[in-house]
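Undergrad: Here the protein sequences line up with chains X and V, keeping their order.
Just add 24 to the spot in the first sequence (first one is 1) and you have our numbering.
Just add 24 to the spot in the second sequence (first one is 1) and you have our numbering.
You may find that some hints are simply not true.
It does not matter which identical chain is meant; a pair holds if it fits inside one copy or across any two.
Computed list of lysine to any residue pairs in SDA-like fashion (alpha-carbon distance at most 20 Å, straight line) [as the list claims (entries may be wrong)]:
1) K108 to Y283
2) K108 to G282
3) K108 to R273
4) K108 to S96
5) K35 to P277
6) K108 to M25
7) K108 to D292
8) K108 to L318
Think of the hints as simulated: they come from the structure by calculation, not from any bench.
There are 2 protein chains.
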Amino acid sequence: MIVGIETGGTKVVCAAAHRDSPDRPVLTRRFPTTTPEETIGRIHDFVHEATSGDAPEAVGLASFGPVDADPSSARFGWITTTPKPGWSNVDLLGRVTPQGVPSAFVSDVVGAAVGELRYGAGRGTTSLAYATIGTGVGVGMVLDGRPIGGDGWPEVGHLLVRRHPADDFAGNCPFHGDCLEGLTAGPAVLARWGVDASSFAEDVRAERLAILASYIAQMAYSVVLTVGAQRFVLGGGVMQSAGLLEAVRAALPAIARGYGPASLSSADPAEVLVAPGVADSPGVIGALALAADLLR
Amino acid sequence: MIVGIETGGTKVVCAAAHRDSPDRPVLTRRFPTTTPEETIGRIHDFVHEATSGDAPEAVGLASFGPVDADPSSARFGWITTTPKPGWSNVDLLGRVTPQGVPSAFVSDVVGAAVGELRYGAGRGTTSLAYATIGTGVGVGMVLDGRPIGGDGWPEVGHLLVRRHPADDFAGNCPFHGDCLEGLTAGPAVLARWGVDASSFAEDVRAERLAILASYIAQMAYSVVLTVGAQRFVLGGGVMQSAGLLEAVRAALPAIARGYGPASLSSADPAEVLVAPGVADSPGVIGALALAADLLR
Chain X
25 MIVGIETGGT KVVCAAAHRD SPDRPVLTRR FPTTTPEETI GRIHDFVHEA
75 TSGDAPEAVG LASFGPVDAD PSSARFGWIT TTPKPGWSNV DLLGRVTPQG
125 VPSAFVSDVV GAAVGELRYG AGRGTTSLAY ATIGTGVGVG MVLDGRPIGG
175 DGWPEVGHLL VRRHPADDFA GNCPFHGDCL EGLTAGPAVL ARWGVDASSF
225 AEDVRAERLA ILASYIAQMA YSVVLTVGAQ RFVLGGGVMQ SAGLLEAVRA
275 ALPAIARGYG PASLSSADPA EVLVAPGVAD SPGVIGALAL AADLLR
Chain V
25 MIVGIETGGT KVVCAAAHRD SPDRPVLTRR FPTTTPEETI GRIHDFVHEA
75 TSGDAPEAVG LASFGPVDAD PSSARFGWIT TTPKPGWSNV DLLGRVTPQG
125 VPSAFVSDVV GAAVGELRYG AGRGTTSLAY ATIGTGVGVG MVLDGRPIGG
175 DGWPEVGHLL VRRHPADDFA GNCPFHGDCL EGLTAGPAVL ARWGVDASSF
225 AEDVRAERLA ILASYIAQMA YSVVLTVGAQ RFVLGGGVMQ SAGLLEAVRA
275 ALPAIARGYG PASLSSADPA EVLVAPGVAD SPGVIGALAL AADLLR
C-alpha cells in the first residue's frame, strides 16, 4: 500500500492506494489543517489505519508552502516561512514519513500538476502547467515529465500583468498591489466587487469575467512562452465561476497574436486552456503517483 | 576528440576539444552563416580537419531557431520555420553529424545557458537562465542541471511588459508591437533613438538605460518567478552598452518589492543578474559540454 498526502492551507487530504493504481485510492480521508501537532497526528492515524499498522511501501507528500522541495537541500521537505501560525520551519516530510520508507515531496500545485498530467486533463502530454486561482494564485509545472520548482514558491501568482482598461481596482497584494494575485485571487474579487466570482449578477457578469480573463490569459501566455507547456489546467475556486474558463480562452488570441509555439498560436485555445480532469484533489493523486514512481 | 557547433543567425562557431576538457577547445573556427549547403559544407570541413579524418567521438550542436529540440519528435534536430532564406525545414543535426556518432542538440540560447552554468557565470548553481538581448531577445534555461525547452522557441522574447512612463515608442514587434523584444532588441533601440545602445550621448544615456532596464528587469523577474533560476546571465549586443547591466540591477528591487525566492528578494541583485562569464561564445562551450556528457 502506498500513501499520498496533500496538506493544503485549510484542509488535508490523505489517500491510500495499491502501488499499481495510484489513481484509484482505496481509502481517502479529509480533515482541517489545524496545528502541526494535531494535523500530523491525524496523518499518522490515517497511515496506521490504511496499512493495518504496517509501514506503507512509499509516501508522497504535496504541501502548501512555501516549501523547500530541493532534494539537495538540508531542509528538503520542510515548510519554510509561512504566515500560517505554527507552520514555519516544520520538517513536514520527516515528521510524516515513517523511518526507512521511501518518500517524495513537492509543493501542492506541483502535486496537482503531476496528478493532472498522469490521470487528468494532461493525459497524452509531457509538459503541463496547473494553476489554482483561489485564495491565492499558484502555478505548478511538469516539464518533459519532470516536476519543476525546487524552491517551491507559488511565485507565478505575482506576475506583473498589463491592466485591463475597464478595471480601476488598485489591487490588494501586500507586495505589488496590482500583480496577478492582487487582481484575480478570491480576496481581490471580493474586495473589488463585494461578491465572489460565482455570484456576479447577470448584467455585470460578462464585463467582470472579461477583466479577470484578461489577466489569467496573460499568465497562461507568459508561462507557456517561458517553459513551453503543452497544456494549462486552470483550477481553484475563482475558476468555478461559470463562463470564466471560456472567457480566458477568448482572451488568449488577442494576447498571443499568432505568436508562439503551436500550443499558443495555432491550436484551439480550448485544447490548451482546460478545466481540471481529476474529479477531486489532483494534488493527492499526484502525491500517490510520485509515491508509486519510487517503487519502479 | 569531441566537436561543438554553434550555428547563429549570422555566424557559425565550430570548436573541437578533448572529451575531458570541453571548456578548453584545441581548435576553433568562425565563419558566416550563408546558405545551408555552403555552411554545412564548412562545418564538415572543420570536423574533418579537427579529427584528422576520423569520426568525432560525439557532436554537440546549438542552433538558431526556431528549432525542434524535442528528442521524441520525428523532426528532432531540425530548424523549423524561420524567416532566414533557405533555412526552413532543414535537418541540421542529421546533416551535420556523421552517421553513428552520438549527438546532442539544443537551441543557441540553451547552449549558451549550459556553457555559462558549467564554465561561466553560473558555476556553483544548478538552475540558470541566459538571455541574449541583441538582434532579437532569446532566453535559454537550465533547471536542476537540465536544459529546458523542447520546442526550442526563443519565446520569452515576446513577454508583455509594463510600459515605462517616459517611453512613448510604439514598439516594433510585428506580432505584438511593444512586447519585450519590440522594445529592447537592437532594432527597437535603433528605431526609437536612431543610434545603437552603445552610442547614447551622455546627456540622454541615463534615461534611455533606465527605460531599457525597466523592461529587462521585468523579464528577469517573470522568468525567475516562473522557473526559480538562481542566476540570470544577460548577454547579447545591447547588453554591451556600458552601465546597462547596472541599470537592470537597480531596477529589480522596485519590481520584485521584496517578494520571491532568495534570488529575487533578499540577495544582492549583482549576485543574481550577471554578465556572461565565458569569454567567447558560451553557446559553443555548452555544445561541447553536452557532447562530452554523451560519453559519460
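Undergrad: None of the hints should be skipped; say for each whether it holds.
TA: The hints, checked one at a time:
Within a single copy, K108 and Y283 get their C-alpha atoms only as close as 41 Å, which misses the 20 Å cut-off; across copies the closest is 17 Å, which meets it. When the C-alpha separation of K108 and G282 is checked against a cutoff of 20 Å, the pair qualifies only between copies, where the shortest distance is 19 Å, while the shortest distance within a copy is 43 Å. With identical chains, the CA atoms of K108 and R273 are never at most 20 Å apart, being 34 Å at best within one copy and 32 Å at best between copies. Neither within a single protomer nor between protomers do K108 and S96 lie at most 20 Å apart by alpha-carbon distance, with minima of 25 Å and 43 Å respectively.
Taking the closest pair of Cα atoms, K35 and P277 never come within 20 Å of each other, the shortest separation being 37 Å inside a single copy and 35 Å across copies. Proximity of K108 and M25 under a CA criterion of 20 Å is satisfied in neither setting, with 32 Å inside one chain copy and 56 Å between copies. Taking the shortest alpha-carbon separations for K108 and D292, neither the intra-copy value of 40 Å nor the inter-copy value of 28 Å comes in at or below 20 Å. Taking the shortest Cα distances, K108 and L318 never come within 20 Å of each other, neither inside one copy (31 Å) nor across copies (46 Å).
Checked against the numbered hints given earlier, this structure breaks hints 3, 4, 5, 6, 7 and 8; the rest are met.
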